[in-house]
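All chains, please: the whole structure from these sequences, using the hints.
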Amino acid sequence: MAKLNVQARVNQGFQVEVGIRQHRLLADLTPDKGGKDTGPTPPELLLASLAACSAIFAQMFAQREGLSGPVEVQAEAELADQPMVVRDFRVRVRIPGLPEEKREKAEAFVGRCVVSQTLCAANNVSLSVEG
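Residue numbers are given in the numbering used here: position 40 of the sequence shown equals residue 38, and the series is strictly consecutive.
Hint data in this document are derived by calculation from the structure and do not stem from the laboratory.
Treat each hint with caution, since some may be false.
Taking lysine to aspartate or glutamate and the EDC-like style, the derived pairs with C-alpha atoms no more than 20 Å apart in a straight line are [as the list claims (entries may be wrong)]:
#: 1; residue 1: 31; residue 2: 42
#: 2; residue 1: 31; residue 2: 15
#: 3; residue 1: 103; residue 2: 63
#: 4; residue 1: 31; residue 2: 76
#: 5; residue 1: 31; residue 2: 70
#: 6; residue 1: 100; residue 2: 70
#: 7; residue 1: 34; residue 2: 15
#: 8; residue 1: 103; residue 2: 70
#: 9; residue 1: 100; residue 2: 63
Bear in mind the structure is a predicted one, so any value in this text is a computation, not a measurement.
What follows is the structure, encoded as structure tokens:
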């Protein structure tokens, strides 16, 4: 089993720099929540992960089926207040040239992306806070 490792460090206010391998990205809150909007919010990054994973799996399917053209994905979700969770994820995938008879096969394949599978499964999150 492969291990994933990500580091996060608060720069200023609520701006967080996230390190993923050799990559760096910023996350922040919107101004109405006290941030400066210097990056996507964590829930937006979660939704972006789902969209990106779905797009990659859709592209794999398209290539395997000999379909060309850019795959496009639109992802939406609800940000609930009580409890504060992201829920009701909706993903729309467009694979240009996809024949109707292959649609179910494409949905099954794209639905197996790791982020989608993770969001659909019950998960344990272990949290420890240190001083």
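To see whether the hints hold, each was checked on the structure:
no.: 1; hint: 31 to 42; verdict: 14 Å, holds
no.: 2; hint: 31 to 15; verdict: 18 Å, holds
no.: 3; hint: 103 to 63; verdict: 11 Å, holds
no.: 4; hint: 31 to 76; verdict: 17 Å, holds
no.: 5; hint: 31 to 70; verdict: 31 Å, violated
no.: 6; hint: 100 to 70; verdict: 17 Å, holds
no.: 7; hint: 34 to 15; verdict: 14 Å, holds
no.: 8; hint: 103 to 70; verdict: 17 Å, holds
no.: 9; hint: 100 to 63; verdict: 9 Å, holds
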